[in-house]
Amino acid sequence: MKIGSIVCAPFVSLLLAALMLPAASPAQQNQPWEKIPIPPLHPFHPQQPKRIELKNGIVLFLQEDHELPFVSGSVLIPGGSRDEDPAKCGLVDLYGQAWRTSGSEKMNGDAMDDLLESKAAHIETAGDDDSTALSWESLKGDTDQVYDIAMDLLFHPKFNEQKLRLAQQQEATGIVRRNDDVNEIAGRESDKLVYGAESPYGRQPELATIAKVTVADLQAWHDRTIGGKLIISVSGDFDSAAMETKLRANFEGLPQAKPNPARHEVFPGPTPGVYFVNKEDVNQSTVEIVGLGTVRHNPDVPSIAMMNDVFAGGFASRLFQRVRTQLGLAYEVGGGLAFGWDHPATFGAVVVTKSGTTVDAIQQTYKVLDGLVDQPFTEEELKRAKDNILNSFLFRYDTKGKVLAQRVRLEFYGYPPDYLETYKAALEKVTVADLNSAAKKYIHPDKYAVLVVGNGSEIKPGLDELKMGPVHNIDITIPGVPAAAGGGAEN
Amino acid sequence: MPRNLPGRLPIAMVAFLALFLTCGIGFSQDLKSFEQRITTKVLPNGLTILICERPEAPVFAYTTFVDAGDVNDPSGESGLAHMFEHLAFKGTSQIGTTDYAAEKVALDNIEAANDALEAEKRNPAGSDPKKIEQLQSAFNDAQKAAQKYVIPNQFTDVAERNGAHGLNASTGLDQTMYFWSMPENRLELWAWLESSRLSDAVPREFYKERSVVLEERRMRTDSNPEGRMFEQLLATAYVAHNYGRSGVGWPSEVSQITASEAMAFHRKYYIGSNIVVAVVGDVRATEAMPILEKYFSEVPGGPKPLEMTTVEPKQFAEKTVVIRDPSQPLYVEVYHRPNYQSPDDVVYDAISDIMSNGRVSRLYRDMVRDQQIAAAAGGESAAPGIKYPSLFLFYAYPLPGHTSNEMATAIHKEIDRLKTTDVTDAELAMYKTRTRADLLRGLADNQGLANALATYQTRFGDWRELFRQLDRVDKVTKADIRRVANATFVASNRTSAQIETQMPATPAKNDGGEK
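If you're matching them up, the sequences are chains A and B in order. The letter at position 36 of the first sequence is residue 411 when you use my numbering, and the numbering goes up by one with no holes. The letter at position 416 of the second sequence is residue 435 when you use my numbering, and the numbering goes up by one with no holes.
What the hints contain is simulated information worked out from the structure, not anything from laboratory work. Please note that the accuracy of each hint is not assured.
[What the hints assert, rightly or not] Cβ pair distances, simulated, as ranges:
hint, chain 1, residue 1, chain 2, residue 2, range
1, B, R141, A, A586, 51 to 61 Å
2, B, R436, A, T620, 39 to 49 Å
3, A, K621, B, R436, 54 to 64 Å
4, A, A583, B, T452, 53 to 63 Å
[To be verified] In silico DMTMM-like cross-links for lysine to aspartate or glutamate, where the CA-CA straight-line distance does not exceed 25 Å:
hint, chain 1, residue 1, chain 2, residue 2
5, A, K835, B, D344
6, A, K494, B, E72
7, A, K410, B, D219
8, B, K167, A, D612
9, A, K425, B, D493
10, A, K835, B, D241
11, A, K515, B, D457
12, B, K51, A, D612
13, B, K497, A, D489
14, A, K481, B, D389
15, A, K515, B, E75
16, B, K432, A, D485
17, B, K123, A, E409
18, B, K167, A, E754
19, B, K494, A, D489
20, B, K167, A, D485
21, A, K410, B, E317
22, B, K51, A, E439
23, A, K777, B, D457
24, A, K761, B, D219
We put the beta carbon where it would ideally sit given N, CA and C, even for glycine.
Based on the provided sequences and hints, a complete structural model is requested.
Right, dumping it as structure tokens:
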């Protein structure tokens with residue numbers, strides 16, 4: 376029973392602002408905690424991984440870490456579910472499962488399971504929206520054997536009809552169950568509102584689309600993506616020179632890596648309005664007020680990050696203070712304007728409140744949103760945001776694993792390796808004027824869609840009280856599933 | 020991102036089990052290396068401080084482990100431990116207030132107003148709506164009067180502005196844990212913050228926070244099919260012990276908990292002998308221990324509270340819960356088992372591992388791969404806690420078109436195999452190897468290590484047990500597994516629960532609420 380993940384901030388009322396003033400005024404600089412010395416931080420130079428770019432464009436990263444006797448690695452392959460044939464939506468999910476469970480020509484997936492588990496080792500494959508990956512991990516003593524099996528699986532997979540069927544069954548179960556969980560409904564439907572139901576970022580696998588996927592499709596996907604610009608990363612208890620030799624032997628002879636195809640996508644954002652999903656077995660409404668976010672390349676991102684912190688970045692944020700602390704309307708509140716690495720992410724404000732206070736919670740959230748635009752930010756708010764973000768910045772690179780993951784991410788999305796440093800420097804320079812202009816430029820309360828997933832018979836006053844136009848009902852009936860029962864009812 | 024995979028375990032269960040799963044094993048050489056890096060000290064007030072030096076980066080993580088959870092909630096006050104946990108973020112007499120002396124008076128007024136309101140609400144002769152209205156209004160006014168002195172969220176604000184990362188807490192049935200990570204140069208500031216909230220809690224904004232906690236209940240339990248099922252399952256499996264009671268609290272009880280009750284809980288359980296504080300990271304024990312000692316000595320002392328009298332009686336009747344609701348089918352069955360101190364504790368772990376860990380496990384291979392009747396199936400060795408006799412749990416998510424009865428039959432077939440035939444050498448060896456490796460994997464994470472060390476220090480009185488457990492794991496035999504399976508997995512010791520999908524009889528009204 377956690378006290379909750381927090382992403383939103385409240386509107387600071389006049390009363391609250393007046394009360395907060397003394398905390399920052401010189402008269403109260405002598406609070407007990409302010410007398411505690413904060414010595415300089417111990418010097419820290421995070422260990423960067425060794426980067427090797429092969430002639431064919433493939434990139435290797437080696438990060439030695441001898442604390443524990445394990446070695447782990449990953450091959451990141453460009454191309455993911457956003458690139459799959461919409462008629463076969465779900466293909467990459469199925470590929471991610473069936474690749475590993477099928478196994479290779481030499482060793483089928485079941486035999487691989489037996490061998491690896493006996494060594495407490497793992498090899499896994501997975502599909503994501505922009506990539507797929509093969510990863511492995513083992514105790515140091517098994518490094519070579521597990522690596523060889525991983526490479527065998529990478530270069531010689533043998534997709535198996537039965538394992539594809541198994542994956543399809545699992546996927547079908549997920550589809551049939553997707554309306555059981557309120558959060559899942561809200562997340563899915565808000566993506567559809569922001570990006571469009573048919574968009575690569577909004578569409579959903581359906582029973583009909585996953586049924587169309589064949590073993591030949593999986594093989595074709597593999598053949599198509601494996602020639603891309605792979606990024607291989609290895610970390611743990613190994614010797615870099617020896618590992619480099621091994622990796623070169625496997626990857627240096629591959630043909631020139633194909634560049635990632637350019638993307639031509641348009642992101643119009645949601646059609647403003649109120650959208651409602653009825654769910655009769657809940658006593659709470661999950662509210663998501665959503666719009667289009669931005670891309671990390673955007674030079675305004677440091678200002679937006681600071682604005683997000685004031686808006687919803689912690690207990691002291693405007694949304695949290697207002698909706699949770701002052702009004703007790705919600706346990707879960709959160710939000711912010713997110714930035715994607717290579718495409719616009721979403722803007723969102725999330726509040727989960729009891730059915731009877733749905734309208735109130737939405738209106739209170741809107742007050743906070745409107746306040747971002749018309750209530751100027753203060754120096755105190757900026758200072759708090761900077762403290763929050765900069766004093767915990769260290770936790771982005773406090774382990775060798777995080778440093779490696781960050782470098783791989785930057786490489787994958789084409790950002791400079793010193794991105795984190797330049798980003799931090801830019802964060803430090805953000806001014807109150809930057810915050811005000813970022814809010815005016817990026818917060819558009821009139822352009823958002825309000826999604827409510829809740830129990831219609833309990834929501835009083837009703838959503839029409841919002842006076843935001845007609846309420847659009849969203850039908851979440853799952854195509855291909857009998858209406859009266861899901862799978863497996865016994866009566 | 021793999022989408023839509025059925026969750027492996029009800030979230031509520033994961034929360035309860037996570038602690039247990041971090042238990043594991045170790046090598047002697049690891050124990051030796053940790054011996055050199057770990058310093059413990061029991062303060063005169065009984066509080067134990069544990070410092071583990073791990074200077075990988077200039078940060079540290081801490082866990083405050085309080086040996087009290089919702090199992091300790093007094094009758095009629097379910098959810099109290101959790102309510103107090105929320106209160107622990109509201110500050111102290113020094114932080115979060117503009118004038119504590121005046122605020123204290125205002126807080127006392129709130130209690131008096133609340134008592135008057137509750138008394139009228141529960142008037143045996145029936146409550147007078149007019150009086151209720153007056154009393155409610157007086158109660159609201161008293162809250163407003165106290166609010167004048169509040170600097171909202173100042174405690175967390177100071178922590179977050181000083182780089183607190185992963186700031187949170189959790190309340191289980193067995194324990195309450197508080198934790199975050201920070202840059203190492205904030206160690207003393209953290210010690211001030213943490214020790215002050217342990218020793219100097221103030222029931223600030225209590226009644227608003229109670230509304231927040233009720234929302235938490237709606238989210239985790241009422242509006243979540245697995246949460247609803249798990250609550251009913253436990254309430255059915257237990258007839259006497261508090262493990263059968265809703266951890267987050269029954270709505271009628273949480274909604275009437277008072278600040279006075281929360282403070283009484285604090286006085287009884289938040290005493291030195293009931294608390295272990297573990298710090299892991301870039302910290303030198305020689306420098307840090309005197310600082311921690313200074314601050315944490317402020318926590319009141321006192322004898323450890325007496326253990327509860329209730330012992331769950333032996334179950335003699337098989338019980339079944341059937342929930343008919345619109346969500347998809349799920350089958351769970353549980354069997355009573357002894358607590359973590361039982362010599363068989365590791366045998367239960369072995370059974371859980373062999374039955375359900377990964378694609379080689381028996382339940383996966385039989386139900387998912389071969390019979391193709393389930394999307395996922397597995398077992399967990401202890402729920403909903405470990406401190407008191409708990410439950411061994413099996414679960415299965417049926418594939419579309421398959422029933423809970425088929426799940427039960429398949430699970431029982433595998434249980435019978437455990438009872439009648441020895442597990443293989445390979446299976447037993449795999450359990451031991453994986454347990455050892457999993458322990459090792461957990462050692463390179465400050466927060467995970469702080470949690471594990473605090474847990475073992477509390478439960479065994481010695482963090483070394485985290486490593487020494489490996490010896491017991493190594494001694495598990497095939498005969499142990501058969502013996503324990505035969506003793507535990509019998510019908511009269513079983514409670515099962517299933518969700519049967521049943522859509523509403525009438526078409527759903529779908530207009531977003533009343534016009």
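Each hint, compared with the structure:
Separation of B/R141 from A/A586 is about 59 Å and conforms to the stated range, judged on CB atoms against 51 to 61 Å. Between B/R436 and A/T620 the CB atoms are about 47 Å apart, so this pair conforms to the stated range of 39 to 49 Å. Checked against the given bound of 54 to 64 Å, the beta carbons of A/K621 and B/R436, roughly 42 Å apart, lie outside it. One distance hint, 53 to 63 Å for the beta-carbon pair A/A583 and B/T452, is violated here, with the actual separation near 44 Å.
Using a Cα cut-off of 25 Å, the hinted pair A/K835 and B/D344 holds, with the two alpha carbons roughly 23 Å apart. In summary, the hint linking A/K494 to B/E72 is not supported, as the alpha carbons are separated by about 30 Å, beyond the 25 Å threshold. Under the criterion of a C-alpha separation no larger than 25 Å, the hint pairing A/K410 with B/D219 is consistent with the structure, at around 19 Å. Distance hint between B/K167 and A/D612 is unfulfilled; the C-alpha atoms sit about 57 Å from each other, more than 25 Å.
For the suggested pair A/K425 and B/D493, the alpha carbons sit about 39 Å apart, so the restraint of at most 25 Å is broken. For the given pair, A/K835 sits about 19 Å from B/D241 by alpha-carbon distance, which is consistent with the 25 Å threshold. Note on A/K515 and B/D457: the hinted pairing holds, with a Cα-Cα distance of about 14 Å set against a maximum of 25 Å. Distance hint between B/K51 and A/D612 is fulfilled; the C-alpha atoms sit about 20 Å from each other, no more than 25 Å.
Using a Cα cut-off of 25 Å, the hinted pair B/K497 and A/D489 holds, with the two alpha carbons roughly 19 Å apart. Under the criterion of a C-alpha separation no larger than 25 Å, the hint pairing A/K481 with B/D389 is consistent with the structure, at around 22 Å. This hinted pair checks out: A/K515 and B/E75 have alpha carbons roughly 20 Å apart, not beyond 25 Å. Of the supplied pair hints, the one linking B/K432 and A/D485 holds, its CA atoms being roughly 22 Å apart against a limit of 25 Å.
Between B/K123 and A/E409, the direct Cα distance comes to roughly 23 Å. Compliance with the 25 Å bound is thereby established for this hinted pair. The suggested pairing of B/K167 with A/E754 holds, with an alpha-carbon distance near 23 Å, which does not exceed 25 Å. Of the pairs offered as hints, the one joining B/K494 and A/D489 holds, with about 23 Å between alpha carbons and a cut-off of 25 Å not exceeded. A C-alpha spacing of about 66 Å is found between B/K167 and A/D485, which places the hinted pair above 25 Å, so the restraint is violated.
Note on A/K410 and B/E317: the hinted pairing holds, with a Cα-Cα distance of about 18 Å set against a maximum of 25 Å. Pair hint B/K51 plus A/E439 holds up; C-alpha atoms about 24 Å apart against a cutoff of 25 Å. Using a Cα cut-off of 25 Å, the hinted pair A/K777 and B/D457 holds, with the two alpha carbons roughly 20 Å apart. Distance check on the hinted pair: A/K761 and B/D219 sit about 29 Å apart at the alpha-carbon level, beyond 25 Å; violated.
Violated hints for the displayed structure, listed by number in ascending order: 3, 4, 6, 8, 9, 20 and 24.
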